[in-house]
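Novice: Turn these sequences into a full structure, and let the hints steer you where they fit.
In terms of this note's numbering, the sequence shown opens at residue 17 and continues consecutively.
A hint or two may mislead.
Lysine-lysine pairs mimicking DSS-like chemistry, simulated, CA-CA at most 27 Å apart [stated by the list, open to error]:
#1 K226 <-> K164
#2 K384 <-> K321
#3 K194 <-> K262
#4 K373 <-> K342
#5 K226 <-> K342
#6 K164 <-> K113
#7 K342 <-> K262
#8 K183 <-> K164
#9 K194 <-> K96
#10 K226 <-> K373
#11 K384 <-> K373
#12 K262 <-> K101
#13 K164 <-> K110
#14 K342 <-> K382
#15 K262 <-> K183
#16 K425 <-> K342
#17 K425 <-> K382
#18 K101 <-> K321
#19 K183 <-> K110
Label-pair ranges, simulated between beta-carbon atoms [to be verified]:
#20 N293 <-> L434: 53 to 63 Å
#21 N192 <-> H76: 20 to 30 Å
#22 L370 <-> E454: 20 to 30 Å
No wet-lab data here; the hints were simulated from the structure. Source: prediction; values computed, not measured. From the three backbone atoms N, C-alpha and C, an ideal C-beta is built for every residue, glycine too.
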Amino acid sequence: RRASLIGDSIGWIDVGKEDHPLVFSEWRYAPVTNFQGIATASLTHSWLLSDEADIVGAYHRVNEERITRYFGSPWRTYRKESVDKFTFNIDATKAVKEQYLQYGLEATYNDLSSRAYREHLYNGNREATFTRYPSGGGSMETYSAYLKFNIDFSDQLRLTQGFRYSKINMSASFGNNKAYFDYTFDEISLNTSAFSGAFNFTYTPVDAWKLSLLGSSGYRVPNLDDAARFSSPDHGTVMVPNPQLKPEYAYNIEASIEGQPIEEINAGLTGYATFLNNAIVRQPYQLNNRDTIEYEGVDSRVLAKVNIGTAFIGGGSLFLDIDLNKHLTFHNRINYAYGRNNEADEPLPHIPPLYGKSALRYGRDKVKVATSFRYNGWKRASAFSPYGADNLDEATEDGTPAWWTLNVKASYRFNEHLSFQAALENIFDHHYRPFGSEVSAPGRNLVLTLRGSF
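Specialist: See below:
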């Protein structure tokens, strides 16, 4: 892919693909506008139901616009979305027999409107076109209650428990979009509830060591982006709504150990496993028994978010911190994850390869210096999801190669109000592309920063 400067816009065009050597003349976002407001109140008077309580009400509006024009076309398309979000929370604590009880309530409401039109570059004529989200509008509301408390069996052993119940309603009307696509449903609605819980045993045999065992359940309810969106994630494919999409549920277990074998060393190891039921992933789909439809003049393979049955995600992390002397420290972090669709026996999307960071840091008086080594393992093509979610077409034929960078950063504080920082990143100017990205990372680059506070 190459950047193309056309008029006042910078877009991306696909170069060298047999069926579409040039795709877009323009593909850009208009400036995003945000408005947020929040009101809070704190109650510190102790009474029957609480010793302390916080009440929060908030409003957030965001407006987003995508502007596209196909190569050689005189029509420029504008797709605009606006979201209004209202939230209300109450969080309270109450001491009960030397234990603290935490509980709360939450309500949210999201309203989505989606509009679209296209405009002729030469005569200014406008005409309607299909929207990215349901043109009749959509909304989602949630109501939740939670409870959290601790049980101390001894000075070394504590059990923390938490429970949450949620009620979720979602609806969307496709309005005029049915005139552009041949599907049999006029709207999507979802009314469901879910219960989740967690327990965490923490054992501290001595002050310098801690062992933890965590078990939990969770859920993800499909939102309008999952269930009701029309979009093209890649040329020749189209994401379509799925009115049958259901919530996914996760059951997790995690164990960790952290401690100091000697005073200068702090280390920890964590392992986890997640079992998904009704997992939501992107897969091939049929719209009215058709696996290919025309989308903006292109025959496109149909995809949708679907429930696949069961899936597994597992992995772990390791950290090591060493105080080499009074001014010099070493830090190391390593992370690994694995994900598999059990039903189709294929990789899950969005699972990164092995990655980590090692750093050596020096600090004395007003001077700080750090050298870091960042690294990523191979993500082989066979480990990619086969449905385009991880942008395999933007990697090599073998997948995303392993890479590493060496970086250095230094800072000097002149006084409590003024400091200077310099960083040289990717010192050896390695070319690499992070997993899942369509754009290569920066080469060697120098960053200079002057910070002041008054």
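Novice: Confirm or reject each hint.
Specialist: Against the structure, the hints:
| no. | hint | result |
| --- | --- | --- |
| 1 | K226 <-> K164 | holds, 21 Å |
| 2 | K384 <-> K321 | violated, 48 Å |
| 3 | K194 <-> K262 | holds, 23 Å |
| 4 | K373 <-> K342 | holds, 22 Å |
| 5 | K226 <-> K342 | holds, 25 Å |
| 6 | K164 <-> K113 | holds, 15 Å |
| 7 | K342 <-> K262 | violated, 56 Å |
| 8 | K183 <-> K164 | holds, 19 Å |
| 9 | K194 <-> K96 | holds, 18 Å |
| 10 | K226 <-> K373 | holds, 24 Å |
| 11 | K384 <-> K373 | holds, 18 Å |
| 12 | K262 <-> K101 | holds, 23 Å |
| 13 | K164 <-> K110 | holds, 11 Å |
| 14 | K342 <-> K382 | holds, 15 Å |
| 15 | K262 <-> K183 | holds, 14 Å |
| 16 | K425 <-> K342 | holds, 20 Å |
| 17 | K425 <-> K382 | holds, 14 Å |
| 18 | K101 <-> K321 | holds, 24 Å |
| 19 | K183 <-> K110 | holds, 25 Å |
| 20 | N293 <-> L434: 53 to 63 Å | holds, 55 Å |
| 21 | N192 <-> H76: 20 to 30 Å | holds, 28 Å |
| 22 | L370 <-> E454: 20 to 30 Å | holds, 22 Å |
The structure fails to meet hints 2, 7 from the earlier list, while all remaining hints are met.
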